[in-house]
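J.: Here's the letter readout for the chains.
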Amino acid sequence: MNAPATLRDRATGPATKACTVNPLKMSQPLGAALAFLGIAGSMPVFHGSQGCTAFGLVLFVRHFRESIPLQTTAMNEVTTILGGGENIEKALLNIHKRAKPAFIGIASTGLTETKGDDVAGDLRLIKDAHPELDMPIVYVSTPDYQGAFQDGWAKAVTAIIESMVTPAATVKGQVTILPGCHVTPGDVIELRDIVTAFGLSPIILPDLSGSLDGHVPGDFSPTSLGGTTQAEIARIGASEFAFAIGEQMRPAARALAERTGVPTRIFSSLTGLGAADDLFASLSALSGRPVPDKYRRERSQLVDAMLDAHFFFGGKRVAIGAEPDLLWALGAWCKDMGCEIAAAITTTESPVLVRLVADGVRLGDLEDLEVQAAGCDLLITHSHGRQAAQRLGIPFLRMGPPIFDRLGAAHRVIVGYKGTRDLVFEVGNIFLAHGHELRPDGEGPDVREEHGQGSPVGERACASPGHPDIPPGRLESP
Amino acid sequence: MDGLANTVQQVFNEPACGKNQGKSDKERKKGCTKALQPGAAAGGCAFDGAKIALQPITDVAHLVHGPIACEGNSWDNRGAKSSGPLLYRTGFTTDINETDVVFGGEKRLFRAIKEILAKYDPPAVFVYQTCVTALIGDDIEALCKAASARFGRPVIPVNAPGFVGSKNLGNKLAGEALLEYVIGTQEPEYTTPYDINIIGEYNLAGELWQVKPLLAELGIRVLACISGDARYREVASAHRARAAMMVCSKAMINVARKMEERYAIPFFEGSFYGVSDMSEALREIARLLIARGAPADLAERAEALIAREEARAWTRLDAYRPRLKGKRALLITGGVKSWSVVAALQEIGVEIVGTSVKKSTKEDKERIKKIMGDEAHMIEDMTPREMYKLLKDARADIMLSGGRSQFVALKAKVPWLDINQERHHAYAGYDGMVALVGEIDKALYNPIWAQVRRPAPWDTETVS
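Which chain is which? The protein sequence lines are A and B, in order. In terms of this note's numbering, the numbers along the first sequence are unbroken and rise by one, the last being 470. In terms of this note's numbering, the numbers along the second sequence are unbroken and rise by one, the last being 468.
Please keep in mind that the hints were generated in silico from the structure rather than gathered at the bench. Being a predicted model, the structure only gives us computed values, none of them experimental. You may find that some hints are simply not true.
The calculated lysine-lysine pairs, modelled on DSSO-like cross-linking and capped at a C-alpha distance of 27 Å, are [to be verified]:
no., chain 1, residue 1, chain 2, residue 2
1, A, Lys92, A, Lys82
2, B, Lys396, A, Lys92
3, B, Lys123, A, Lys9
4, A, Lys9, B, Lys149
5, B, Lys396, A, Lys89
6, A, Lys92, B, Lys362
7, A, Lys82, B, Lys362
8, B, Lys362, B, Lys373
9, B, Lys111, A, Lys9
10, B, Lys329, B, Lys373
11, B, Lys369, B, Lys254
Make the full structure from the sequences, and use the hints.
T.: Structure below.
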């Protein structure tokens, strides 16, 4: 995806820096794997060396605190040189034998892309030779050295639509929802409730709320615990309309519209009063029903929350590091609340970023974010940002995967009136806890005091001020 | 890649490995890592193994030369603790892009090293090779040599791209990098007759610190731990130690053996887990040091310390005995833990349902046989489904394993305890054993188990 010139002009990314320090970014295949995990009975596979899978597995396990089905074609030096067709075949047969998945999603990696394996071609031969592999197998090309996590997710969803969705006669009241990778299982559950409240029946692709919403199943499953079923995917073409969440889903929405003629709409964000209004008004218009009382009340609560909280948001300087769509959702909402976006770092190009009113959106890493966040009132990024927040002595809000040092990441909700209301309170309370009051000696309160999220004791013990791991000089602008 | 192929071959030829000794020349050439099964493999790659083994050196910059996957997906995920510098927790990667794949990534790597030295001023930079940059032919050995010369600072190539093999092979290749480029390159400020190296101990959750005070009490100095809580200088001057203890033979036997060969440093394999193993380790350290010229009274002092510490540990452990006696534990781990933890638990009356031996050496298995009497409880390979069934059928009261299989136990509503790298509690030494038993007790007797196993009141079917 080519970014418009305006973004490119503003973005001063890795081109100026040879070394990425404290990565914000995760790789494409990981995003694709997460999308595949939102399909029922699924087994995602990385076509690469076994470490690619091990890293992804550990990362998802730490974030979701769930078993994660993920397999590897276990490429080695020799099979890489000779080509990976045989390994893909062995992997598929082994997975079929051991796990009996209803769906397999294959994502390539940097290793197999560098070699240039023709996976699509290999797959055709394998399927011909092994009729027992009768489950859908979707392949997506996701080299690690291009794009980022959200690109992999978007490509996987697009590939599922392109290979599995067909046109069908419209079913009244059926809606397709295409969430971006920043939409949590909790968000999906909230969205389903909202859409259902308008008398509509949603099909969500992919549906992480079925597979990664942290529940205890009755039996052990070697594949994903739930998600969009094949029957649902087959019915997607019959939806009356579809909407996508996040700019990343534009190609997927376009593919759906082109294949099925279903009218689609993209909501770049569902966080914030205006964004939520837009969603509810659209659903009301499309369903021909009024907004239910429950949500009118929730809207009123959000408005009240904003009134109560705005004292603490006005003029606050916020630094955000996140993938483009999450950055946009949070950044636009922070602006709505009267904050200033003092730093915005992202992982991959996206047209949505041009719209973000900030000093500049940079493709960069957490080192860049740390430099720019000095003196800010809040740092928002994933769990890896905790070290930077500690060094800077500013409050920290964890957003976006991986969140590995807090419980309940899957159940975070920031969409709709209620999700936004809770976010207003959460961030408002952080500001409230760190307000500056004058003291007789002219010093403010100790900003190093942790806000409600707390900090692991061990972390503090490590970050002894006597042993800074970064010389003080480096915090000057590069 | 020729150099790398040679190194891999050398590692496979390890003469100190008993298993290797039993093989024919031809078999030995094939190497000891089993071919990984596509679609049925788990665990890390050689790069992962190399990084795990070296990252605990806390004051150096660990730079990963490859696409974002290798570092971006994995950094900051292990609990090796530092008593000082924190630079090892900073993630550095060249995050190569498509242009680098086409034109080569060496220029970017060189600039990355320069940037790191300018901004962070570490005593050394470790450069990790990965699959993609190995495949496009980036010569990190030559580049590191050039960078060392240009910047006057050690820049160490760690040539263990993921696709050459397993995590275990990566551990050993990391050891080769230390032997080739680090160990013996500096001199310690002073030496004592009580200087030892500890090899294959990563100070996860701070376990080294449960052992160090005991050694210090005997006047024994850890000249270098390879690599837990280590400084570059310590590893570089490790060749002046009098004796060495190898904590995990699977990981770094090549380092222990080659240091004995090159610098005449005798070593033994031991474990810090369990009361009797800890005592045995202290005895062996004392014995080796005395053999190398330390005063003979060290042995008596060690015995006195052991007697005191064992008595103290047993007093504390006895409190748990009535609560844990007859409880059944399933152990899914590897290496030394497969026997040392078994021995430890049996000491307080816990029954072992089974212990996995997938990652254990022949010696490890021998030890298990000795402790448990037969092979019946050795688990070669167990699928998560089998594990789940075993736990669901209540054949074990608790499972001890690494983090990745925790949900097999938790979803079966069975207590679980982390004894691998992500654990938050330290289990080494006498205090560590008491801590482990305390954690097992806490897990077993948590009141949630009765609640979560109870079916919802409106559910008629019985759920165990």
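J.: Work down the list of hints and note, for each, if the structure agrees.
T.: Structure-based check of all given hints:
Proximity of Lys92(A) to Lys82(A) is assessed by CA-CA distance (about 14 Å); at most 27 Å being required, the pair is judged to hold. Proposed proximity of Lys396(B) and Lys92(A) is supported: the alpha carbons are some 21 Å apart, at most 27 Å. For the hint linking Lys123(B) to Lys9(A), the alpha-carbon distance of about 12 Å falls within 27 Å, and the restraint holds. Distance check on the hinted pair: Lys9(A) and Lys149(B) sit about 22 Å apart at the alpha-carbon level, within 27 Å; holds.
Annotation: proposed proximity of Lys396(B) to Lys89(A) holds, straight-line Cα distance about 23 Å (limit 27 Å). With a CA separation close to 24 Å, the supplied pair Lys92(A) and Lys362(B) stays within the 27 Å bound. Using a Cα cut-off of 27 Å, the hinted pair Lys82(A) and Lys362(B) holds, with the two alpha carbons roughly 22 Å apart. Taking the CA atoms of Lys362(B) and Lys373(B), the gap is about 15 Å. The hint holds against a cut of 27 Å.
For a cut-off of 27 Å, the pair hint linking Lys111(B) to Lys9(A) stands: about 12 Å separates their Cα positions. Proposed proximity of Lys329(B) and Lys373(B) is supported: the alpha carbons are some 21 Å apart, at most 27 Å. For the suggested pair Lys369(B) and Lys254(B), the alpha carbons sit about 13 Å apart, so the restraint of at most 27 Å is met.
Every hint, counting from the list given before, is met by this structure.
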